[in-house]
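J.: We have chain B already, so just place chain R on it with the hints.
Line by line, the protein sequences give chains B and R.
So in my numbering, spot 236 of the first sequence is number 236, and the numbers just go up one at a time.
So in my numbering, spot 276 of the second sequence is number 276, and the numbers just go up one at a time.
Zero decoy hints are in this set.
Anything over 12 Å on all C-beta distances counts as not near chain B; from chain R, calculated:
{"id": "1", "residue": "A51"}
{"id": "2", "residue": "S68"}
{"id": "3", "residue": "R91"}
{"id": "4", "residue": "I136"}
{"id": "5", "residue": "A227"}
If we take Cβ atoms under 8 Å as the criterion, some of the chain R residues that face chain B in the derived model are:
{"id": "6", "residue": "P10"}
{"id": "7", "residue": "F18"}
{"id": "8", "residue": "P22"}
{"id": "9", "residue": "V26"}
{"id": "10", "residue": "L39"}
{"id": "11", "residue": "T81"}
{"id": "12", "residue": "S109"}
{"id": "13", "residue": "V110"}
{"id": "14", "residue": "F113"}
{"id": "15", "residue": "I125"}
{"id": "16", "residue": "L207"}
{"id": "17", "residue": "V211"}
{"id": "18", "residue": "E236"}
{"id": "19", "residue": "G248"}
In short, the hints are calculated from the structure, not lab data.
Glycine included, C-beta positions come from ideal geometry on N, C-alpha and C.
This is what each chain is made of:
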Amino acid sequence: MRGYRRYLGAVWIGTILTLLYVPIVSVVLVSLANTRYMRFPHRVWTTDAYGDAVDSFTTWSLHLVSLQIALCVVFLAVLLGTFGAMAFARYDWKGRSLFQRLIMLPIFFPQPVLGLALLLAFSALGITPGWKTAVIAHAVWIVPIVTLVISIRLFGYDTAQEEAAFDLGASRWQVAREITIPALWPGIFSGALFAFLLSWSNLPLSVFTSGADTPLPVWLFSRTATNYSPLVPAVAVIGTLASAMGVILLFALRWLVGRLRGGRSAP
Amino acid sequence: MNAGQKFAAPIALFLLVFFAAPLLIVSWYSFMPPRSFSLTGTPTLANYVEAFSGGYEKPLLWSMLGASLTTLVCALIAWPTAKLLHAHVGRAASVVTALIALPIFISESVRLFGLSMFLMPRGGILAGSLNAWFDIQIGSILNTRLAALLGMIYVYFPFTLFPLLLGVSLIPEDRIEAARDLGAGRWAVFREIELPLAAPGLLIGALLTFVLCLGANAEAAILGGRAVTVISAAIEQRFNYAQDWPMGAALTVLVLIVTAALVWPALRRIDLNRLMHR
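Okay, chain R solo, but in the shape it has when bound:
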């Protein structure tokens, strides 16, 4: 064994036992007969047939739609933000960057609770203040799909921004100036130079955001009320209340397939050493 393999061994072993093996067990479980609790039944595809005919496709589609919309909106907000932060190197920019990063370390349950209190109808912070000080009465979007979407954009925005910031820093300034000197307009510079050069960062950020949103359930639970059932909630419901482990396992495997199909090809293309070694 060479030195690299020796150092890789502990973490590889750890992830093999606690990441790969559990996913394998879940995959195997998904082929067990419905509502069984053992791993030794006769393998069957019944759970997958049920997953596509029993109304389970809806939560998965909702989650994918929510994740796509969140990723899109986050990318649209993150692009100008990353450009601005990159353009103003210095104390102020690093303070702003730190301030954007800080909320990541405050629990999701705290921040989403705050957002729900802000949006609450009548006595909420927004509605209450408007009513008391400006005599304006407003409704509330709390307990709608829109609120759940806003919650996801709010929570996952930094996950789009920071990889993108890394990507934007890979654009050499003189390349943009050269293109401008040659008469390229703003759109041409964006499409031909900035976007391709920042692509690795944008791709990582978008992928991370999409995948995290795909499983997100706290936003829908705290802000979305009962307006929407996301895939994690559907899986939990199968596991805990319906006591149908194989069905929950089958839904988990579907999420796993979607995730792997997106993440693995992208990870293979990105040169991690170049992105991190600067």
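Next up, chain B with everything else stripped away, as it sits in the complex:
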């Protein structure tokens, strides 16, 4: 009986994972054709579409716009999120409970409607939408998420260390640099990772707020509605791999920073 239930559980999890990855595998399969009309299984399997995508100027400009937006969002989210997390989890203050709940509101908000509301507000104020307004829209949603991510780390933070350092005569800046920021660092790292990935892949906010600058997901969205061509899935695969590269780069950076820190404190 127990073995049977275990087996059933494995089948259930296996089915869910398969269903989650079928569409992603489909994109890769579709990109390996050279026909104008989709006829699966392909007669000729080829990676021509990837060559075309790399040669195309559009591919590069889409990636640049997405990268530009994502980097600005990471910067904004880490900066505001770190301060926000201190108020969220580190200090116990009078308005904290209300603050915690208000911060959550942008997360619990339908994103396309938020994008449309921002578009209308920007237009009413005479601001032309572009990649900068997309950064703002992303940040409204991502800053609260990053605040939560950093807060989770901060809840386990022992403030006694800070007090001890103050008692030993450390300045405010020394305490921040030697104790608070190192303790926050893992949270900041995950926060930056979340911010980058969520901004890079965001469609519902970008689609209404990016104006004439087209980020990758918006271009893909507009292309899926029109005609099929293997170029579209090829760009999709390249874009997804590019974000994976970004993540690897961030991990390498963390490793490097860890080494440098270790090197400094060693005698």
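T.: Here is chain R on its own, set in the frame of chain B:
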């Protein structure tokens, strides 16, 4: 100002300027005369009257129905999944959890495009393979409401699962064993112990899924064809093509009211510190 207020100030200011103020502007716009482009007209309720008499209630109802169904199905699938993942702590479970989380970071437009290619009639991945290798011909559900619903379940399932996983981890194992020892059946354990204890996580997950689905438009656009007009599409249509900003603003405010009515009471009840501080 104390330390907490000082640290709260930057993010509070940011959200005030770029979240609260835009929503206020939109709310004000919704009271402007139809098809006007300025914020200085005489306030009127004309747009709201039109919203309930001009056929606009249909997209909103569709979105709410779609969001309810998605939330229900996601919760039904997520419950056993969360229990299974929680029961098998260890390397395999964390790998599975990571694999379920990973697609969140792949753009919706990529995944929905893949799903549409999989479901496409004749030359699609599913229909094409079945035809070529098993000589089976099948139809397609692409461009129907069902396809849009499947797309939403597919995209938003992780948003139900992860908060629920947090909730399920709040159930002490000995509590369930104690109930079993006292003769409680599986249903009684579920209803009297598991569900109430996991409720905060379930509530957050269900709420998040519902609210995100309420605005979802990519699923209906890519998978649903023209079978259904969702509320976001209706608002966009008013903004961009009809050039009727006040009407679009009024529809936005209706979504805002539905969202706030659901989210705020629930958020007030949940003890965030307890849920996050473990």
